[in-house]
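Protein chains: 2
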Amino acid sequence: MTRSITIFDTTLRDGTQGEGISLSADDKLKIAVKLDELGVHYIEGGNPGSNGKDIEFFRRVRELGLTAKITAFGSTRRKGGSADTDENLQRIAESGAQAATLVGKSWDFHVHTALQTTLEENLAMIDDSIRYLKRRGLEVIFDAEHFFDGCKHNPDYARSVLKTADEAGADWLVLCDTNGGTLPQEIGSLVAALVAEMPQARFGIHTHNDCELAVANSLSAVAAGALQVQGTINGYGERCGNANLCSVIPNLQLKFGFHCLPDDKLAHLSSTARYVSEIANVHMPAGQPYVGSAAFAHKGGIHVSAILRDSRTYEHIAPELVGNKQRVLVSELAGQSNLVSKAQELGIELDPKSPQAADTIGRIKDLEHRGYQFEGADASLELLLREAGGEVRELFVFESFKMLVEKSAGKPVVSEAFVKLRVGGESLYTAGEGNGPVNALDNALRKALLQYYPQLTDMHLSDYKVRVLDDQEATASKVRVLIESRDAANAWSTVGVSGNVIEASWEALVDSMRYALLGQEPAAAAAAAEPRPGLLNH
Amino acid sequence: MTRSITIFDTTLRDGTQGEGISLSADDKLKIAVKLDELGVHYIEGGNPGSNGKDIEFFRRVRELGLTAKITAFGSTRRKGGSADTDENLQRIAESGAQAATLVGKSWDFHVHTALQTTLEENLAMIDDSIRYLKRRGLEVIFDAEHFFDGCKHNPDYARSVLKTADEAGADWLVLCDTNGGTLPQEIGSLVAALVAEMPQARFGIHTHNDCELAVANSLSAVAAGALQVQGTINGYGERCGNANLCSVIPNLQLKFGFHCLPDDKLAHLSSTARYVSEIANVHMPAGQPYVGSAAFAHKGGIHVSAILRDSRTYEHIAPELVGNKQRVLVSELAGQSNLVSKAQELGIELDPKSPQAADTIGRIKDLEHRGYQFEGADASLELLLREAGGEVRELFVFESFKMLVEKSAGKPVVSEAFVKLRVGGESLYTAGEGNGPVNALDNALRKALLQYYPQLTDMHLSDYKVRVLDDQEATASKVRVLIESRDAANAWSTVGVSGNVIEASWEALVDSMRYALLGQEPAAAAAAAEPRPGLLNH
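Taken in sequence, the protein lines are chains A and W.
For the first sequence, full-length UniProt numbering begins at 1 and goes up steadily by one.
For the second sequence, full-length UniProt numbering begins at 1 and goes up steadily by one.
You may find that some hints are simply not true.
Put simply, identical chains are the same to the list, so a pair is met inside one copy or across any two.
Claimed, not checked - Okay, derived cross-link-like pairs now, DSS-like style, lysine-lysine, Cα gap no bigger than 25 Å in a straight line: (1) 152 x 255; (2) 411 x 478; (3) 478 x 53; (4) 152 x 163; (5) 30 x 265; (6) 365 x 53; (7) 411 x 365; (8) 478 x 447; (9) 365 x 478; (10) 34 x 69; (11) 53 x 255; (12) 30 x 478; (13) 69 x 79; (14) 365 x 420; (15) 163 x 34; (16) 353 x 325; (17) 152 x 411; (18) 265 x 411; (19) 34 x 353; (20) 420 x 325.
No lab work stands behind these hints, which were simulated from the structure alone.
Given the structure is predicted, the values throughout are model-derived calculations rather than measurements.
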């Protein structure tokens with residue numbers, strides 16, 4: 001019998017409690033779209049009572065029409081107050097979210113020490129708050145904070161908290177190991193007992209990774225009867241993080257045989273993990289289980305020769321099931337078939353047996369080896385594939401750029417750029433100023449190209465990310481720049497890599513304009529097809 | 001009754017199979033000394049049959065007179081050969097190690113596919129090899145490769161492998177989850193069954209982290225009766241790594257109450273983990289359980305105010321038990337209580353009710369509002385707090401910098417920087433080149449300051465991060481730069497924010513040097529205390 005397990009993602013709320021993780025409202029919306037594509041059931045967007053950024057998120061996410069339920073987080077009403085006049089609860093009710101995640105205390109020590117109120121008042125706070133949110137029409141997910149610690153100290157009180165929430169109408173009772181100190185067998189036996197005691201309730205589990213057991217603890221709860229798992233992509237979260245959904249989901253689905261994500265969605269897992277790490281600008285460990293770049297990489301010589309005979313010798317699952325791939329230095333067959341299928345997807349003819357295909361594949365592999373990453377730069381990859389088919393026209397012949405940043409005490413910083421290039425036989429030398437070096441380069445390059453390609457006025461750069469690739473001697477190492485551009489209809493991303501952040505930015509900038517002008521004719525004299533400029537060639 | 005669990009460290013052997021991990025013989029010796037100080041029982045040094053570096057390690061480690069037993073790794077003899085003439089086994093016997101870790105196949109599929117021999121010959125290879133090593137006077141630890149996968153496919157054969165090894169005289173039978181695909185309950189029930197079937201044998205457990213369950217699997221085996229755990233510091237190892245001893249040990253000792261390390265050694269755990277990550281030159285995740293810099297870091301305001309009342313509210317153990325410490329992260333999510341406790345942590349007197357404190361808090365809040373983030377920039381925050389106490393001397397008076405990046409077709413990109421400043425009344429104008437703009441600025445600034453502060457030669461930039469703060473009109477928006485610097489003993493992080501990435505980098509760079517020189521006197525003429533330069537003031 002296949003049990004269905006509900007996946008509750010809190011990357012956008014509890015995940016942002018992680019050190020160094022800070023997401024704008026735009027970032028959150030992008031991640032929400034990706035989570036929805038992955039097929040999670042709930043997306044917790046934030047705490048509308050705590051800041052304006054989250055209110056903006058809830059307002060804008062409604063317009064996206066996602067399938068997942070959006071949930072807003074908040075605490076029980078203030079002690080001694082009333083739920084009806086509690087501002088935080090009102091903000092949840094007014095956020096437009098379909099569900100509320102209400103956190104309440106279940107450890108008597110916390111009621112006394114943190115809330116500084118009585119055990120009875122805490123129960124009243126839980127009861128009032130849930131009834132209020134239910135009256136306002138929301139589904140209520142009750143997060144029993146510190147439930148397992150509470151059970152160790154005062155099991156009767158911890159249980160009375162769950163019973164209060166259940167009687168007040170909570171739709172889910174989620175047991176939280178807030179401090180992350182509980183062991184799998186403790187969780188398993190408590191959950192099994194509760195499921196027997198309260199057969200009418202639906203239980204969820206929320207764990208933290210302080211003992212490196214968050215995933216095991218989630219699995220243990222589900223095996224004992226929990227029906228919902230709360231966690232985050234890549235395990236982001238306070239201290240050591242939350243349960244990592246990128247490990248929880250494939251374990252539940254592939255190892256236990258439970259049903260979590262819609263069919264065929266599991267293969268989106270690796271790309272989702274990488275996308276979220278790019279947006280959060282957090283380095284993803286190569287060895288991250290299931291989705292890391294080294295999760296199916298083989299280094300040992302004996303391992304590699306066995307893998308070539310049969311990959312099951314050293315792989316616990318087929319990497320494609322989670323959208324990852326095997327990496328063996330000798331065999332790159334998987335890479336090639338990926339590229340061919342990507343080309344097909346774009347309507348580019350690329351015969352996998354042609355020397356052209358081999359050439360392009362070799363070139364892309366070489367670029368990846370040098371630090372390019374096309375996962376987050378679809379437009380650069382598409383340009384490379386279209387070049388293989390001879391489809392890409394060069395916009396200009398690059399001659400030089402100069403970039404000057406100058407700062408004097410008491411004066412604002414000044415950025416200027418000078419670009420020299422040829423378009424259709426004509427030499428152009430333009431200068432631009434900007435708020436920063438990339439803005440100055442963008443302005444100088446546009447000034448040159450706009451007379452030939454007036455369409456460029458419609459596009460602008462919408463995001464800019466820099467990643468250092470090797471943290472040895474950082475200022476002398478390579479950087480990868482990702483640029484996102486937009487026009488009225490589309491968004492596209494390009495990549496540049498160099499030891500110099502300005503040169504890497506220039507590469508990504510040029511690619512961004514080349515992509516915007518794919519298939520377009522110059523407005524003035526026709527530009528002759530010339531060797532490819534700036535990008536990837538110097 | 002307190003059971004004693006034997007800790008077997010294979011950082012120097014299986015750990016080096018991890019991607020990007022490469023240790024010289026010197027590195028290995030340094031780590032061995034540190035592991036011995038921590039009190040592990042076995043240190044597996046490498047494979048003397050595979051390379052000369054490991055032979056050198058075994059020769060030199062004997063001279064160190066360590067308490068831990070040193071063990072050498074190798075496979076069973078070649079098929080169809082004899083143990084007496086097997087070169088790899090001879091090298092183990094001659095290595096001088098007190099113990100041998102002998103790996104043998106226990107999954108029939110592997111015997112056929114990888115070894116390409118018969119099930120009987122595999123048993124003979126195991127029997128011969130163990131008897132040979134025992135005759136040569138070594139303790140023998142038998143690693144049954146793929147034991148759990150073997151049990152799923154051919155349980156009788158997997159058990160016959162263990163019985164063969166036991167009868168040949170193996171001192172330990174170690175059950176390996178080589179592919180990392182087994183679940184805790186599967187491991188627990190198999191180990192319990194084996195302990196009942198073979199009460200005379202001592203069992204060990206060796207797990208991999210492909211399902212993010214290596215720690216849970218190790219604990220499950222020990223709870224079922226295993227007496228030895230094999231793992232690595234920080235969980236280094238092939239693919240997703242081995243069981244992380246930095247989590248296994250405190251879980252066994254603090255949660256289960258088993259005895260692992262000698263008394264008072266557990267407090268060396270965090271420094272050992274950091275030392276090994278430095279030697280291996282692998283970035284240690286801030287959120288690593290128990291030993292990471294964020295493992296006891298608190299960000300949310302409600303959490304922080306509760307922590308200040310009683311740290312047990314949000315900490316599962318006292319961080320000092322594993323040699324770690326509590327850290328309060330300052331962020332917009334938190335309030336005044338965070339800053340006051342941060343100041344306390346640094347030994348800075350900051351009366352929360354003083355106008356100075358209100359001033360500093362106001363200033364930090366303003367900076368955060370403008371995009372500064374101090375949770376990843378402890379050194380910049382410490383400078384601000386020490387400034388409030390009048391403790392910080394300015395290094396120089398800033399006059400100007402210029403930064404030029406130039407690229408011509410077919411030539412490498414060139415970065416130059418020019419810095420004008422005054423130190424102690426003297427005007428300085430210096431120029432520097434670099435691999436990139438920040439490197440050039442760093443070189444020009446150093447050139448000016450080194451004559452006054454020769455200590456700066458000891459520090460270098462070790463990491464550089466850039467984040468765009470507002471992704472509307474990206475090239476015209478603000479960027480935040482985080483710089484990490486190091487000298488022989490310490491690492492510290494600083495922050496800069498500006499619309500211009502070069503200016504933001506300059507700010508972080510200047511702060512990094514100011515922090516390095518806290519409390520230091522200039523070597524030449526004393527620099528007068530002057531208004532604060534570049535950083536945060538323009």
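Comparing the hints with the structure gives:
For the identical chains of this complex, residue 152 and residue 255 are inter-copy neighbours only, at 13 Å across copies versus 31 Å inside a copy, given an alpha-carbon limit of 25 Å. Proximity of residue 411 and residue 478 under a CA criterion of 25 Å is satisfied inter-copy only: 18 Å between copies versus 31 Å inside one chain copy. Taking the shortest Cα distances, residue 478 and residue 53 sit within 25 Å of each other only across copies (17 Å), while inside one copy they are farther apart (34 Å). Taking the closest pair of Cα atoms, residue 152 and residue 163 come within 25 Å of each other only inside a single copy of the chain (18 Å); across copies the shortest separation is 42 Å, beyond that limit.
Taking CA atoms no more than 25 Å apart as the test, residue 30 paired with residue 265 passes inside one copy only; the shortest distance there is 18 Å, against 47 Å between copies. In this assembly of identical chains, residue 365 and residue 53 lie within 25 Å of each other by CA distance solely across copies; the values are 17 Å between and 40 Å within a copy. In this assembly of identical chains, the alpha carbons of residue 411 and residue 365 lie at most 25 Å apart only when taken from different copies (24 Å versus 46 Å within one copy). Taking the closest pair of Cα atoms, residue 478 and residue 447 come within 25 Å of each other only across two copies (23 Å); inside a single copy the shortest separation is 29 Å, beyond that limit.
In the homo-oligomer, the alpha carbons of residue 365 and residue 478 lie at most 25 Å apart inside one protomer (17 Å), although the nearest pairing across protomers, at 34 Å, exceeds that limit. Proximity of residue 34 to residue 69 under the C-alpha cut-off of 25 Å is restricted to the intra-copy arrangement: shortest distance 14 Å within a copy versus 51 Å between copies. For the identical chains of this complex, residue 53 and residue 255 are neighbours neither inside a copy (39 Å) nor across copies (40 Å), given an alpha-carbon limit of 25 Å. Taking identical chains as interchangeable, the C-alpha atoms of residue 30 and residue 478 lie at most 25 Å apart only when they sit on different chains, with a minimum of 20 Å there against 27 Å within one chain.
Neither within a single protomer nor between protomers do residue 69 and residue 79 lie at most 25 Å apart by alpha-carbon distance, with minima of 30 Å and 59 Å respectively. In the homo-oligomer, the alpha carbons of residue 365 and residue 420 never lie at most 25 Å apart, since the shortest distance is 31 Å inside one protomer and 44 Å across protomers. Taking the shortest alpha-carbon separations for residue 163 and residue 34, neither the intra-copy value of 36 Å nor the inter-copy value of 52 Å comes in at or below 25 Å. In this assembly of identical chains, residue 353 and residue 325 lie within 25 Å of each other by CA distance solely inside one copy; the values are 21 Å within and 58 Å between copies.
Proximity of residue 152 and residue 411 under a CA criterion of 25 Å is satisfied in neither setting, with 61 Å inside one chain copy and 69 Å between copies. Taking the shortest Cα distances, residue 265 and residue 411 never come within 25 Å of each other, neither inside one copy (54 Å) nor across copies (47 Å). In the homo-oligomer, the alpha carbons of residue 34 and residue 353 never lie at most 25 Å apart, since the shortest distance is 34 Å inside one protomer and 47 Å across protomers. Taking identical chains as interchangeable, the C-alpha atoms of residue 420 and residue 325 are never at most 25 Å apart, the minima being 41 Å within one chain and 52 Å between chains.
Consistency with the previously given hints fails for numbers 11, 13, 14, 15, 17, 18, 19, 20, ordered from lowest to highest.
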